[in-house]
Amino acid sequence: MTLLPTVDRRDLLKLGGAAAIAILTPVGIARAAPAGSAESTIVIADPRYYNSLMFGESLRQHGAKHLTLASDRAALWSQAIKPRLRSGLRYLAGLTLESDLFVLERLAQGSGMRISYVGFHDWRRPQDSAHTLSGSITLDPIASALIKGKEHWAGNLGQALTLIKESHQAEERLNLKCAMKVGRGPRFFVSWLMRWTT
Amino acid sequence: MSLPPGLSSPNFESACKELRSIVGDDWVVTTDDRLTSYADPYSPGIAGDYAPSGAILPASVDEIRAVLGVANRYGLPLWTVSLGRNYAYGGAAPCLKGSMILDLHRMQAIEVNPELAYAVVEPGVTYLDLYKFIEHKKYELWIDCPDPGWGSVLGNTLEHGIGYTPYGDHAGHQCGMEIVLADGEVVRTGLGAMHDNLAWPLYKYGFGPSLDGLFTQSNFGVVTKIGVWLMPEPDSFSAIELLFRREEDIVPMIDTLRVLRLDGTVPTATIANWMRIAAGNTTRAEWYDGKGPLPQSAIDRLIRGMHIGYWGMRFGLYGRQKVVANKRDAVGEAFSRIKGFGMGVASYRRGEKIAPEHGTLAGIPTVDLMPLNWLGGAGAHIECPLVVPMQGAEFLDLYKRRTELFNAEGFDHYCGLTSTTPRSFINTGSIIFDRNDAEQCARARALGRTLIEDAHQCHLAGYRAHISEMDFVAAQFDFNDHAALRTYERLKDALDPSGVLSPGKQGIWPKALREAKDKESGKP
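If you read the sequences in order, they're chains A and B. Take 0 as the starting number for the first sequence in numbering that gives the first Met the number 0 and just add one per residue. Take 0 as the starting number for the second sequence in numbering that gives the first Met the number 0 and just add one per residue.
A hint or two may mislead.
As the list claims (entries may be wrong) - Below, computed lysine-lysine pairings styled on DSS-like, alpha-carbon distance capped at 27 Å:
(1) K176/A x K290/B
(2) K64/A x K131/B
(3) K96/B x K81/A
(4) K180/A x K290/B
(5) K136/B x K81/A
(6) K352/B x K96/B
(7) K137/B x K81/A
(8) K203/B x K81/A
Bear in mind the hints are in silico, worked out from the structure with no lab data behind them.
Input sequences plus hints: build the corresponding full structure.
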């Protein structure tokens, strides 16, 4: 992966597509935008990790269906997620370990899924955190959420995903560093958003 | 897009047009975005060297025969995959750049005989599919599955894959096979050579030579159907987990296990070192921030913090309740001679819900790739598992040697031993790396090569290998100037004279490509 130079907040706020549509819309707005209604969204949370739970909870509060990451990822996909594709599921989001994104991405591959956004969140160096964001969505709300978030970064990130807009331009990439701490547990998480177009 | 060697773009287009007329437009893939799913997802930085030209997805034996006809006429190399989830070894990616993937995942027929305890499956049937099929029918049968269990039953069996129940030697429990040869001839092995023979999936042999082995880890034909034996659901089952404190405990552990394996007390068993146990539950950075392999002090802290041993061993005991109880006592008594050992037991009666952590011992397929998060980043692994004798002192020497090699390249030593047969282990040594980190990829490749070379010096060999190392591993089998490989090549030339089937698989190349390679390397 090619990392872009570090950007600061002022640069981030300039980013964002002009021609964009809201996707993970808050409940109140969902009626006006049924294609992006929160009922069409599932968020996966890993019960082992506080940050994953906070991310899931923030999306749940905006109406997304909240699912716990089961020890059997294949069963989660085939029993709890895949059947909902027939009843309007359009977005699947999560803040998980990278291996879980890898598994779900491959399980979903044959169903018309596209990855809209992936963010790598890395605390392996003790002095700061590094975040590599990429996707076909406007990334500035996510970057802002991370910069402002501090210990509430995961919840803020989930909140930001409810506000993001789908960009019609080529994939964006951002690399940023933030002075924020991670709690106990893994020092590397991935936030992600999958989208079904059919 | 990569084109097959020696095939012009117009000829390739023309071949694709004919292929579309056989399988339909949707089932010939040549666009880059759809081809990405056939790339090696764990490639250590060399995916471009193994890029396919396209993929074709036939749905029947007749379609495969027609596809082979086109491939032979155009000289189009086909790389056969069932599902292509053989990720540590290249996934769906071909040895020969520009090959077209012959993807058989649309062939998904399952037939189960509950009385005689066998299944007949096509290539697209996953372990999850077979498990669900049996569960849905309420048959009192268990499957045996690898971990993770999302791959093809047929594909894993052909690659000599392993599982964790008494049926863990998958090729050993395969019976009956249907193959389409390169010229389109359909052959059935064993008793299947007789039309409608009633005992085809029951008895491995037929009348004359046994052909099945020629089509496992091979490129002599396209296997379209196999029989696999299933395990009757036992009356009771105990999951046994043993813990051992010290590195050197591996000597009495193995020597004790060997006796219990040979006398039939213990079936398939798995041993894991501290890292394999830790990586399944935690990540490295939680224990150590520094670069390079974990120092001993950090390993000690991790072992204490996680309440694990330096080694763990697990296996299932199966059968009638009294038999299992007697086996448990025998196991406890045998291993209690090792100082500091601990033993955990979880027992189940037939029909009881089995805890997720014991699922693989009961043939319940799951998918969890937690160990790949060990280093953080985009986790991947490659490996070349060795077959090693079940002898403790000899293995400790090998373990120490390999630990030094892993550490010299900056990696922690992930070590597993699985005994699906009573006299040997499959020794997995996963090289876990961040596939987005070019420097780690280079070190992973270097270590992979070093481990193969070192194994040869120890008179050992890998039983599987990543596509990038198939030639190198094949070259290690050097008895009588590689007589075995030369025999494979004679078979290849006889059965697939145009050389269209999976060129390069297990180091077996068709004549034209062998000659081209020899010319390139200046070999007379």
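Comparing the hints with the structure gives:
Simply put, K176/A and K290/B have alpha-carbon atoms about 20 Å apart, close enough for the 27 Å limit, and the pair holds. Using a Cα cut-off of 27 Å, the hinted pair K64/A and K131/B holds, with the two alpha carbons roughly 26 Å apart. Proximity of K96/B to K81/A is assessed by CA-CA distance (about 34 Å); at most 27 Å being required, the pair is judged violated. For the hint linking K180/A to K290/B, the alpha-carbon distance of about 20 Å falls within 27 Å, and the restraint holds.
Simply put, K136/B and K81/A have alpha-carbon atoms about 22 Å apart, close enough for the 27 Å limit, and the pair holds. Pair hint K352/B plus K96/B does not hold up; C-alpha atoms about 47 Å apart against a cutoff of 27 Å. About 24 Å separates the Cα atoms of K137/B and K81/A, which keeps this hinted pair within 27 Å; it holds. Between K203/B and K81/A, the direct Cα distance comes to roughly 39 Å. Violation of the 27 Å bound is thereby established for this hinted pair.
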